[in-house]
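K.L.:
Sequence order for the protein chains is A and B.
Heads up: the first sequence at position 58 corresponds to 58 in our numbering, and the numbers run straight through without jumps.
Heads up: the second sequence at position 106 corresponds to 367 in our numbering, and the numbers run straight through without jumps.
Treat the hints with care, as some may be off.
Lysine to any residue pairs mimicking SDA-like chemistry, simulated, CA-CA at most 20 angstroms apart [to be verified]:
id	chain 1	residue 1	chain 2	residue 2
1	A	Lys222	A	Val257
2	A	Lys75	B	Leu293
3	A	Lys104	B	Met420
Here are a few chain A residues that face chain B, going by a calculated C-beta distance under 8 angstroms [to be verified]:
id	residue
4	Phe13
5	Ala56
6	Glu96
7	Leu137
If you're looking for bench data, these hints aren't it; they were derived computationally from the structure.
Cβ coordinates follow ideal geometry from the N, Cα and C atoms, glycine included.
Now for the letters of each chain:
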Amino acid sequence: MARVELNNVSQVFVDPRTGRNTIALENVAFAINNEETVALLGPSGCGKSTILNIIAGFLSPTTGEVKIDGLTISKPGPDRGVVFQEHFLFHWLTVEENVAFALKLRGNPRASYLPQAHDFIRRVGLKGFEHHYPDELSGGMRQRVSIARVLINNPAILLMDEPFAALDAQTRLMLQEWLLRLWDEQRMSMLFITHDIDEAILLADRIFVMGVRPGRIISEIKVMIERPRGRHALTSVEFMSTKAKCLDLIAEQSAKVFEQV
Amino acid sequence: MVRRQGLVYLLSILVLVLVWWSFTAIIPPLFLPSPVLTTATGLHMIADGELPQTVWVSMSRILTGWLLGGICGASLGIVLGRIQLARAILLPVIEYLRFVPPVTLVSLFVIWFGVGETSKIVLIFWTVIFIVLVNTTAGAASVREGTIRAARCLGATHMQVITRVVIPETVPYVITGFQIALGNAFMAIVAAEMLAAQSGIGYMIWNAQVYAQVDRMFVGFVTLSLMGFVTDRIVYNLSRRLLGHYRIV
């Protein structure tokens with residue numbers, strides 16, 4: 001069974017002042033399998049974040065439904081861990097307390113959540129930083145803390161909303177490789193939102209290329225690069241041919257938008 | 262650095278005292294007592310127990326009203342900051358009431374609550390609650406949606422979002438509100454004690470004026486500013502020590 005399933009999801013936003021409707025998403029349907037990484041690739045304004053917000057439960061779709069492990073969702077929950085472009089860590093809590101946040105919510109005693117939190121801090125490579133505050137960490141470290149913070153819930157799906165977009169190029173590549181290694185250990189299912197073609201190809205098993213006005217999925221591309229992957233995948237033949245396909249599809253879309261303007 | 266700051270502090274107070282002193286060369290002590298005379302009177306009043314007693318009376322009024330008003334203001338502010346409906350209903354009332362100056366209410370509160378402690382504490386409460394409330398509301402309303410979403414997707418209920426995200430994020434605003442309100446509480450209490458009290462620092466100054474004891478009035482001024490300064494420093498240092506990680510400014 002698929003971990004995430006979207007059926008006929010549409011989203012219409014109504015401008016409260018003019019009363020005009022904007023179709024943000026039209027009939028989006030796809031499934032994400034266990035241990036699979038799916039990338040949603042598209043320009044800003046194509047509705048990719050809207051899809052993520054609907055799956056996360058932050059937004060109710062106008063039509064259609066989202067199922068997690070077969071059950072329809074209606075609100076946010078710990079089965080779907082969201083990592084945002086901004087880290088949104090709790091700045092008054094230490095790394096340890098941030099990572100343990102979800103366990104503390106459930107009233108777990110300190111003796112039980114601390115070892116678990118330390119285990120996840122180690123897994124994201126931040127051993128020794130348990131008692132640091134988010135303000136004392138680099139951008140890349142903060143994103144790793146926010147990933148550990150949701151991983152501790154063992155979510156059915158990890159929803160990544162351009163988590164590396166705000167980082168510099170070197171740090172971004174380092175974190176992409178780190179995320180691939182983390183996947184080798186954890187085998188989490190992921191939906192990764194990005195406008196960066198290279199990032200989509202490097203991380204994903206399948207890429208959904210999105211079109212605009214209205215936002216919809218126009219094409220699915222399978223990435224055949226073998227795992228474990230690393231930076232060398234970026235220069236492989238398979239990578240290049242996949243990138244060529246993506247570029248063509250995106251160029252087509254851009255041309256369409258260009259004509260409309 | 263801290264040492265140098267302390268030195269500058271001391272120096273600026275010294276300059277103030279010197280300016281005061283130089284004026285006493287021209288103005289007779291009946292109108293402007295010298296720092297020496299003021300200190301002597303003050304020491305005398307400390308020795309006979311009058312001043313400590315007076316300070317204690319005023320301080321306990323201020324602190325009781327300030328804490329009660331601040332806690333109520335902060336709690337209400339969290340509700341107003343997060344619940345649109347509460348804001349729509351209560352904000353117009355609050356915006357109207359908060360412009361009624363506390364001093365104008367002294368006589369009314371005496372009629373309502375008597376000449377005892379209650380009327381003074383209610384007055385301080387009135388002074389403090391709106392300041393802390395307005396600050397807290399602004400803080401609670403400015404918590405970013407992303408932080409709340411992060412907590413929600415970790416499994417937090419709406420109530421847990423309030424207790425574990427909104428309140429910690431609002432701490433700096435609450436503290437600022439408490440600090441500003443403290444100054445206003447001092448103003449309000451003196452006014453109240455001048456108009457309707459038989460004790461306290463305001464009464465002491467008022468009484469000294471009636472008997473033309475300007476030196477006693479000056480002891481009152483100096484004591485008041487010292488009380489304010491010391492209390493503010495205690496609040497400042499305590500809040501930073503206990504709540505330092507909440508980004509207090």
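K.L.:
Any CB of chain B closer than 8 angstroms to the CB of Phe13 (chain A)?
P.N.:
16 angstroms, violated
K.L.:
Between the alpha carbons of Lys75 (chain A) and Leu293 (chain B), is the straight-line distance 20 angstroms or under?
P.N.:
Answer violated: Lys75 (chain A) to Leu293 (chain B) is near 71 angstroms, above 20 angstroms.
K.L.:
Checking hints one by one. Is Glu96 (chain A) an interface residue toward chain B, by the C-beta closer than 8 angstroms rule?
P.N.:
Violated - the Cβ of Glu96 (chain A) stays beyond 8 angstroms from chain B, reaching only about 13 angstroms at its closest.
K.L.:
Under 8 angstroms is the threshold here; is the Cβ of Ala56 (chain A) close enough to any Cβ of chain B for the hint to stand?
P.N.:
6 angstroms, holds
K.L.:
Going straight from one Cα to the other, do Lys104 (chain A) and Met420 (chain B) come out at no more than 20 angstroms?
P.N.:
Holds: Lys104 (chain A) and Met420 (chain B) sit about 14 angstroms apart, inside 20 angstroms.
K.L.:
Could you check if Leu137 (chain A) really has its C-beta closer than 8 angstroms to a C-beta on chain B?
P.N.:
Cβ of Leu137 (chain A) sits 14 angstroms from chain B, so the hint is violated.
K.L.:
Check the hint pairing Lys222 (chain A) with Val257 (chain A) against an upper bound of 20 angstroms on the C-alpha distance.
P.N.:
Violated, at roughly 25 angstroms.
Hint compliance for this structure: hints 1, 2, 4, 6, 7 are broken, all remaining hints hold.
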